[in-house]
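Undergrad: As a plain string of letters, each chain reads:
Protein chains: 2
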Amino acid sequence: MKAMKLDAYDGKAPFEAFDKPDAEPGPNEVAIIVEASSVNPVDLKIRQGAAPVGPDAPRVLGCDVAGEIAAVGEAVKGFRKGEAVYGCAGGVKGRDGAYSQRMVCDARLVAHKPESLSCREAAALPLVAITAWEALVDRAKVQPGERVLVHGGAGGVGHIGVQLARAMGAIVHTTVSSKEKAAIAYDLGAERAINYREKSVNDYIDEETGGEGYDVVFDTIGGPHLEKSLQAVKVNGRIVTTVGGGASPDLGPLHMKNARLDVVLMLIPMLYDQDLDLHGRILTRLARMIESGSIKPLIDERRFGLEDVGAAHEYLDSGDAIGKIVIDIGENADARPFPPLR
Amino acid sequence: MKAMKLDAYDGKAPFEAFDKPDAEPGPNEVAIIVEASSVNPVDLKIRQGAAPVGPDAPRVLGCDVAGEIAAVGEAVKGFRKGEAVYGCAGGVKGRDGAYSQRMVCDARLVAHKPESLSCREAAALPLVAITAWEALVDRAKVQPGERVLVHGGAGGVGHIGVQLARAMGAIVHTTVSSKEKAAIAYDLGAERAINYREKSVNDYIDEETGGEGYDVVFDTIGGPHLEKSLQAVKVNGRIVTTVGGGASPDLGPLHMKNARLDVVLMLIPMLYDQDLDLHGRILTRLARMIESGSIKPLIDERRFGLEDVGAAHEYLDSGDAIGKIVIDIGENADARPFPPLR
Numbered sequence: 001m002k003a004m005k006l007d008a009y010d011g012k013a014p015f016e017a018f019d020k021p022d023a024e025p026g027p028n029e030v031a032i033i034v035e036a037s038s039v040n041p042v043d044l045k046i047r048q049g050a051a052p053v054g055p056d057a058p059r060v061l062g063c064d065v066a067g068e069i070a071a072v073g074e075a076v077k078g079f080r081k082g083e084a085v086y087g088c089a090g091g092v093k094g095r096d097g098a099y100s101q102r103m104v105c106d107a108r109l110v111a112h113k114p115e116s117l118s119c120r121e122a123a124a125l126p127l128v129a130i131t132a133w134e135a136l137v138d139r140a141k142v143q144p145g146e147r148v149l150v151h152g153g154a155g156g157v158g159h160i161g162v163q164l165a166r167a168m169g170a171i172v173h174t175t176v177s178s179k180e181k182a183a184i185a186y187d188l189g190a191e192r193a194i195n196y197r198e199k200s201v202n203d204y205i206d207e208e209t210g211g212e213g214y215d216v217v218f219d220t221i222g223g224p225h226l227e228k229s230l231q232a233v234k235v236n237g238r239i240v241t242t243v244g245g246g247a248s249p250d251l252g253p254l255h256m257k258n259a260r261l262d263v264v265l266m267l268i269p270m271l272y273d274q275d276l277d278l279h280g281r282i283l284t285r286l287a288r289m290i291e292s293g294s295i296k297p298l299i300d301e302r303r304f305g306l307e308d309v310g311a312a313h314e315y316l317d318s319g320d321a322i323g324k325i326v327i328d329i330g331e332n333a334d335a336r337p338f339p340p341l342r
Numbered sequence: 001m002k003a004m005k006l007d008a009y010d011g012k013a014p015f016e017a018f019d020k021p022d023a024e025p026g027p028n029e030v031a032i033i034v035e036a037s038s039v040n041p042v043d044l045k046i047r048q049g050a051a052p053v054g055p056d057a058p059r060v061l062g063c064d065v066a067g068e069i070a071a072v073g074e075a076v077k078g079f080r081k082g083e084a085v086y087g088c089a090g091g092v093k094g095r096d097g098a099y100s101q102r103m104v105c106d107a108r109l110v111a112h113k114p115e116s117l118s119c120r121e122a123a124a125l126p127l128v129a130i131t132a133w134e135a136l137v138d139r140a141k142v143q144p145g146e147r148v149l150v151h152g153g154a155g156g157v158g159h160i161g162v163q164l165a166r167a168m169g170a171i172v173h174t175t176v177s178s179k180e181k182a183a184i185a186y187d188l189g190a191e192r193a194i195n196y197r198e199k200s201v202n203d204y205i206d207e208e209t210g211g212e213g214y215d216v217v218f219d220t221i222g223g224p225h226l227e228k229s230l231q232a233v234k235v236n237g238r239i240v241t242t243v244g245g246g247a248s249p250d251l252g253p254l255h256m257k258n259a260r261l262d263v264v265l266m267l268i269p270m271l272y273d274q275d276l277d278l279h280g281r282i283l284t285r286l287a288r289m290i291e292s293g294s295i296k297p298l299i300d301e302r303r304f305g306l307e308d309v310g311a312a313h314e315y316l317d318s319g320d321a322i323g324k325i326v327i328d329i330g331e332n333a334d335a336r337p338f339p340p341l342r
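As given, the protein sequences belong to chains U and X, one line each in that order. Each residue of the first sequence is one higher than the one before, counting from 1 in UniProt numbering. Each residue of the second sequence is one higher than the one before, counting from 1 in UniProt numbering.
Derived by calculation from the structure, the hints in this document are not laboratory data. Keep in mind that this is a model prediction, so the values were computed, not measured. There could be a bad hint or two in this list.
To be verified - Cβ-to-Cβ under 10 Å is the rule here; a few derived chain X residues that face chain U:
#	residue
1	76
2	79
3	134
4	137
5	224
6	225
7	226
8	243
9	248
10	258
11	259
12	266
13	275
14	276
Heads up, the beta-carbon is just placed ideally off N, CA and C, and yes, glycines get one too.
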């Protein structure tokens, strides 16, 4: 089957198509006919050599996958050939990537695809949704009626963060960089979308929270937004960031506020081969919320095929995309529902 | 009644004795005949003007108190005149301090003194014990069988941290700076006391945890120990520090480990006048653990009276003390039990 590989992690080597031999699943694995994948910042970092967690040669990247099960390992329970699944299941250390027509992965990393989504919609979700879930559900434990601030509410992780916090009963404010993104954030359920280029943290803390600050701040962007998160959180509050690497914020504000900082890296189960079923469990619960209408993916309008993965990476790097960038790989990427087996 | 005051928060003004008029307790307050107080680093910082949280003139410092209730406000429940109490109840913004023969404080901040302790022993505990409690019980939520590393296990907060983590079923390792302090840490229940001057973090992580790191790291010292905490914690682990102000650690290790950093400031209820009953509840449960023998105070051998509070501050600043420095204020500071009213 066709797949895309890199000859090196140097940011220069292009993605090249090659004929990848079909591997059969091991006892705890499934083989998937890949219908769609999507692009995440970590894929770019791996390609550039900035995140030393890439898979070995032939270096097939791609974490997110949605597709149809082609074969099931002998110890796997709960999945059958022909069923549609989605997951963040490969593309890092020792694991087959999804920029490929066929991939083999650990069955515990995937879950049944929500029937109401096409594969291209489902492939947009796993990495960003698991990240937001770990941040807001497992770490911050957002409570009903709390005020939650999401930095980057129209972004990949952010757009799920806004919807998830809202679905948990929180009052969600978000920072964005344009009117267009503000409109998207409101559509996703934000009560307030703040243009951070036009308003200082102190101003919106005063105006929106009476100077008290937010119970939870979820930083999906990093850099100056992490420092701003320390300002924006209230006394006894919680901050979760997905972008701690390279940052060295002054912890003084955390100290004076008796506050907490969580740094989430959702790749941990794949990198350390531990708690793999965590991903499958989160995606199963996420699927229920998708079916009930509380969460939907935000997907950029541009379309990319398997051989366009390099262009898709460039597009993500440009910062011009709105929502997730999906790679259509199979012929059924657009089909919904797919396939109605169960 | 006699009390000690400062004319300024400049680090130079001496403590001066003065005759402080007796105040009667407000509806939610109690008046306490102070038998003993103790010295904490925050008192030094307030005196130096480094922590802008000192009480207004006449600037009577002293957070920790143990003594006998002299009068009870009309709305106070659960306390009677003559009962012995202990607490971290004043010496900051808007609150009367304990370097005084009599103080008035909010009744929710204190609890009944453990009968098995004298007032001088009880006065050593509140600030450090509430800090350790918030760090290990409320924040880290230490679980039985977890490996906990306490930086500074023979120090004020650290010696309670070692005992509390041990009482929660954890395996407790601690870093100390001398053989003498190592012996103390073993006596307090540490399974391993590591001299951080003789061993690198990587070495003790390898030797003591097989390279895995600690489930929980409790940093009671700050500075380089905070950076070391980020190294010493395991994947998915939790760090709690009491000394975040002024630190700007690189968060990269937190990110790669999907880890958490909590910064604890136990003064919050007193500074913001919120959740005051948190302190009373913690001290009530602490008292039960003291009576059952799981926790005991570590008190330096040198004795100081009320007029020696300046010398006590100097002694704390010297770093030569072993355990808490107590100020004996009343005639019954040494009595045990005191008084057996209930």
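Undergrad: Against each hint, give a clear statement of whether it holds in the structure.
TA: How the hints compare with the structure:
1. 76: violated, 26 Å
2. 79: Violated - the Cβ of residue 79 of chain X stays beyond 10 Å from chain U, reaching only about 27 Å at its closest.
3. 134: It holds, given that the least Cβ distance between residue 134 of chain X and chain U is near 8 Å, below 10 Å.
4. 137: With Cβ-Cβ at 15 Å, over 10 Å, it is violated.
5. 224: Interface hint status for residue 224 of chain X: violated (14 Å vs cutoff 10 Å).
6. 225: violated, 13 Å
7. 226: holds, 8 Å
8. 243: holds, 8 Å
9. 248: holds, 5 Å
10. 258: holds, 4 Å
11. 259: This interface hint holds because 6 Å falls under the 10 Å limit.
12. 266: Hint on residue 266 of chain X: holds, closest Cβ of chain U at ~8 Å, below 10 Å.
13. 275: holds, 8 Å
14. 276: The hint is violated - residue 276 of chain X has no Cβ within 10 Å of chain U, the shortest such distance being about 14 Å.
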